[in-house]
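Chains as they are written, first to last, in my numbering: chain E, 1 to 400; chain B, 1 to 453; chain V, 1 to 299.
Derived from the structure by calculation, the hints contain no laboratory data.
Among the hints, a few may not be true.
Unchecked claim - If you anchor each label on the Cβ, the simulated ranges turn out as follows:
| id | chain 1 | residue 1 | chain 2 | residue 2 | range |
| --- | --- | --- | --- | --- | --- |
| 1 | E | V142 | B | L444 | 30 to 38 Å |
| 2 | V | A180 | E | G270 | 52 to 60 Å |
| 3 | E | V235 | B | T337 | 43 to 51 Å |
| 4 | B | D431 | E | V239 | 51 to 59 Å |
| 5 | V | L164 | E | L161 | 38 to 46 Å |
| 6 | B | G218 | V | D145 | 37 to 45 Å |
| 7 | V | G192 | B | G341 | 42 to 50 Å |
| 8 | V | R89 | E | W346 | 33 to 41 Å |
| 9 | B | Y192 | E | N349 | 50 to 58 Å |
| 10 | B | T419 | V | G171 | 32 to 40 Å |
| 11 | V | Y265 | B | A220 | 22 to 30 Å |
Said to hold, decoys possible - Derived list of chain E stretches under chain V, where covered just means 3 residues or more per stretch with a C-beta under 8 Å from a C-beta of chain V:
| id | region |
| --- | --- |
| 12 | 262-269 |
| 13 | 308-320 |
What the hints assert, rightly or not - List time: in silico DSS-like cross-link candidates among lysine-lysine, alpha-carbon distance up to 27 Å:
| id | chain 1 | residue 1 | chain 2 | residue 2 |
| --- | --- | --- | --- | --- |
| 14 | V | K169 | B | K246 |
| 15 | B | K371 | B | K246 |
| 16 | V | K121 | B | K415 |
On a predicted model such as this, the values are computed, not experimentally measured, just so you know.
Note that CB positions come from ideal geometry on N, CA and C, so glycine has one too.
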Amino acid sequence: MVVNSSQRRMSITAMAVVLSAIASFSFGSSTRVAVALSAFLTLLATGAAIFTTPGLRSSHPVVVRAALTITTVDVVLFATYFFPANTNTNLATGAAMSIVLLGLSFLTGASGQISLGNGAFMGVGAFAMAIWANHHATSPIVVGLLVAIVSGALVGLLLGLPATRLRGPYLAGMTLAFAVAFAAILSSFNSWTGGDSGLQLPTAATPPHWLLGFFDSGTSLLTTNSMWLADIAIVVTGVAFFFMANLFASRTGRAMRLIRDNDVAAELVGVSLPRGRVVAFVVSSAYAALGGALSTLIDNAVSPSTYSFALSITILSLIVIGGIGTIPGALIGGIVYAYSNSVITWITNQTGLNPQGNLASQLNGIIFGGLLIVTMLFAPLGISGTARHLWRTRRRRTPR
Amino acid sequence: MVTARRCRLATTGTAILLCLGLVTTGTSIVTAGATTKHAVKVPGVTANKITIGATVPLTGIASAGYSDAAKAANAVFKYINHKGGVFGRKINYVQKDDCYGTPGFGCTGVPNTVTQTKALLALPVFATVGSLGTPTQDSVRSLLRANKVPQLFVNSGSTDWNSPGAYPSLFGWQINYHAEGKIFAQYIKTTYPTANTCFLGQADDFGSDGLAGILAGGIAPSDTQLYTVGGLVVSGGASVGPYVAKFLADKCDVVVLYTIPGATDAVLGAALKIGYSPHWIISNVGSDPVTVDEPFAKAPFPDPEIGAVSFSYLHTTTDTGNPWLAWTTKVLTADQTDFPGFGANSVITGNMANGIGWGVSFVEALKAAGKNFTRASFLNTLTHTTFSQTPSLTPLRYTPGNHQGLNGGFLTVVKSATTLAPINGQVFTTDATNSGPIKPATSLSSGIPSWLK
Amino acid sequence: MDPFLTSRIMTDLLGGLTNGVVYGLVALSLVLVWRSTGILNFAQGAMPMVATYLGMGLLSYNLSYWPCVAVAIVAGFTIGGITERVLVRGLYGKPEINPIVVMVGFLIVLEAVAAAVWSTKPRGLPSPFSAIDWQIGGKPFGLSDFSVFEILTAIGVMAVIAALFRFTKLGLQLRASAIAPEVSRLLGVRVGRMLTLGWMLSTAVGTITTILVASNYFTGLTPQVMDGVFAFGFIAAAVGGLDSPVGSIVAGVSIGIILQFVGDYLNSNDIILTALLILVVSLMVRPNGLFTRSSARRV
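Looking at chain E on its own, in the form it has when it is part of the complex:
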């Protein structure tokens, strides 16, 4: 009964989508914004319909996740049209970082491994993207992103293989050494990576021509502010989150959590420990590389100093604060990353510190380091984990 009604609803929505698509094309060039709008609304309606259909969550979780992703991405994309340039830059930066955090969240949260080198994996993707773009200036952005993902996965595999035999502190040591050595590795391939000066993108990232043509009245809007970059970052982030949500819920994800909680039991029920660990490592570094590739687009350049050990530490801090092993934690961490600087500036202004003084210049370290300690000691689940925990206990207490 329930399934029938949901099937009916889905077919109605599908028809609506097809109809609005036909309608959009009949509008002609003068009212393209209206087309975009109708597409936005259709997606929104489809998402809302699927998401609210009862029973679908348990019978077709993937469809619901897809709907949730598409709707959210849709709304944020729409919002970027109205945001000022700074907000869009922050959005893009935060989105790129949240992809990296998602990878680490999976590695640490799901399989229990520790990485202090995800900043360097991010750098692998960033450099792969920049090198690709410098050699193939006209290739579509998505190809560059794929190159970055593959490079990240390969390097992850290279380091993940020896890592399978290592327990916590030794693994931490190896990833730390990789992060510290990353700049030196780049320097060894000077002619490719540009050494300490890094690489510049040959041209600023621009939207593809069909889209520019579509938005002909709004061309300047797309290219002059950071809306376009924010849009790419948001779509890519949506895809990344969708895949990760499914991975978390899949058989592989469950096997990983078993490895984390009790590796002996995991082996007893037939989970291959080394394989699980390597897969987690590869996924995490591929995600980091994807985030790095987006950062290259946003920054228009890449340099070894950006992907230092300090960045690896920042990444670890952000996911700890957001919530290790959770998906929303990665989003929260991304937002914290995008806005932490403004917050520090605000605190400096509010407290009347001399901005060039010793204390003000160290405020970032004191606050970030302090947050890290406090979170781990008092709320090791991070913001998202703690919130979920509180929500569940409250629900349990409330009489129904």
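Following the hints, complete the assembly by docking chains B and V onto the known chain E.
This is chains B and V only, laid out in the frame that chain E set:
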């Protein structure tokens, strides 16, 4: 029952969203159209304030000495603000620590150059002024170009800043390492004609520009070594030790250093350790005596930098006849926030003098741009004006095809742990693109504009 | 004189040895903490750095060198003890990542606070002995008074630690609490106190190391003075085995010597690459370090 209610809820919700979407789209497009009509607003500029920014190393290996440059420029801005600002606008100078973007280990709590530059963009700033470092500023020049933010007076002598075609709003300030290298080469040729010259530089455009200058000046170092900043940091300075040992083994009489002060210290220390004392020739940016002396202050031997030859595009503190000297002391003394305890007898370090120099240049450029300016008109003024009353030895002159900045300087020698003195006071210059031979400078800068006093 | 003594190989060997004992000391201090409390201390460079500032800062109040060193070591003991009591106590038995994250946070906070209080300007430390290399036949021999002092200090510290663990009742209690805390508690050992003592010892060893480093490389004392040394010491501890004091010292000295040769014969850029390679290869061969006796995991 429950299902039906949920369905209705969903439908109503979607409908409300639809209406909201339509309304917001409509209004926003209208307002967007309205604001673009009178779009003369200049980012970072209001009727009584202009906000500019910079990324500078306040932490880490390069912070020694270098952290004073932007503070000194800010002292100039504060002094001008105290006199009422430029056309009634106070200069608000925001400095962000980037730890010299140190790759590798260390500076765990400090955001990198890109992050800090984005923070400046968010303020927003009219321009970045005097951001420090070759590798660091290389890494953000495309970001600043994409956001159309002028990148003014980069505090580095790399030739990277002079590429008006690719980076139309990027401007250097000090004479470049290439020209400096050529002047060093001429000095080596005349003073040590039979010497065996060796070279140690930083493994980025700082070192390679310097080396190119030395080579262009006709000196081919018999041994050339490059160190990376990451390696220097992670080894605590020890990574340059083997290079110095090699110079000793190769019997180098003259060693040219294109190093930041932290690396200069490591080199001088390593040489002292093995009892090696060649004739040191040290690039301007790595030779400030006060900075270099800091780790040696407690040592039982004299400052090993004494006697080293360097180069300056500014007057030295020994030139007491220079009116800018007293003015600088006055400006720094007035700023007891960033220079606590500074007084009439305090030492003006090379880095302070550098900051004073481009700080004055920015104020003069702002004055020349007039009361109503945009980014475009400001840059147009900058490329069509000769600033001849500056603290530098030669006038500051940009053209639409040349964004390098200063183009003259003289050789100096380290006299004590705090002072540099000119060797003979002869100011050299080269042609606008720095590609030709060096020749004695004919036009020198003169005096202080009365409105600045 | 024998030209071999001033040859490139000999100079590198001695220079590497001098660096290596420092890495060995850092590794030893990491092992002390790991053995007593099972925690990998990322602030192992930063905590002694603060102690060194506290002690050697008294130089500017005209206190002479050796009393300052004594104050610094006492400060090291204190900082180690307070850290264990306040920060680390609540982390025992938690997942492996928790203490790692807390200590990373502590590293960031300490470096930032030190830079805020003492600024990042390098402070020259007077060195009690000449750091200028001896000369044999007009050529430098790779040792100076100071580097001999450095090597002797390292040997002394190692001997004291070894004697403490092997020949004293306190050492027995320390070892017992690390291996079997529950049994020790039943036998009347005050395990909590022993854990604190482990941290105090480790930070004191670290402080001695920091003073050596800050006087050695002509870079002076800065908040980041131990960053690089920590990275190499950390690699040495992982290669040698976090359970093995002897292993950490042997690994530290070997890595110091190997890296010196790499820096001289190859390139300074290859130093850190070689360190990474050594770590990866040795962990592939022995995942728990070269000198760990059993591969049984701590619980």
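Tested hints:
1. E:V142 x B:L444: 30 to 38 Å: Cβ of V142 (chain E) to Cβ of L444 (chain B): about 57 Å, so the range 30 to 38 Å is violated.
2. V:A180 x E:G270: 52 to 60 Å: At roughly 35 Å between Cβ atoms, G270 (chain E) and A180 (chain V) fall outside 52 to 60 Å, so the hint is violated.
3. E:V235 x B:T337: 43 to 51 Å: About 47 Å separates the Cβ atoms of V235 (chain E) and T337 (chain B), which means 43 to 51 Å holds.
4. B:D431 x E:V239: 51 to 59 Å: holds (54 Å)
5. V:L164 x E:L161: 38 to 46 Å: Given range 38 to 46 Å: holds, Cβ gap about 41 Å.
6. B:G218 x V:D145: 37 to 45 Å: With a Cβ separation near 43 Å, G218 (chain B) and D145 (chain V) satisfy 37 to 45 Å, so the hint holds.
7. V:G192 x B:G341: 42 to 50 Å: holds (48 Å)
8. V:R89 x E:W346: 33 to 41 Å: Given range 33 to 41 Å: holds, Cβ gap about 35 Å.
9. B:Y192 x E:N349: 50 to 58 Å: The hinted range 50 to 58 Å holds for Y192 (chain B) and N349 (chain E), with Cβ atoms some 55 Å apart.
10. B:T419 x V:G171: 32 to 40 Å: Because 57 Å falls outside the window, the suggested range is violated.
11. V:Y265 x B:A220: 22 to 30 Å: Holds, at about 24 Å.
12. 262-269: This one is violated; 0 residues, fewer than the three required, reach chain V with a Cβ under 8 Å.
13. 308-320: Result for this restraint: holds, n = 4.
14. V:K169 x B:K246: Not OK: K169 (chain V) and K246 (chain B) at ~52 Å, beyond 27 Å, violated.
15. B:K371 x B:K246: Status violated; Cα separation ~58 Å.
16. V:K121 x B:K415: Distance of about 22 Å is within 27 Å: holds.
The structure does not agree with the numbered hints 1, 2, 10, 12, 14 and 15 stated previously, though it agrees with the rest.
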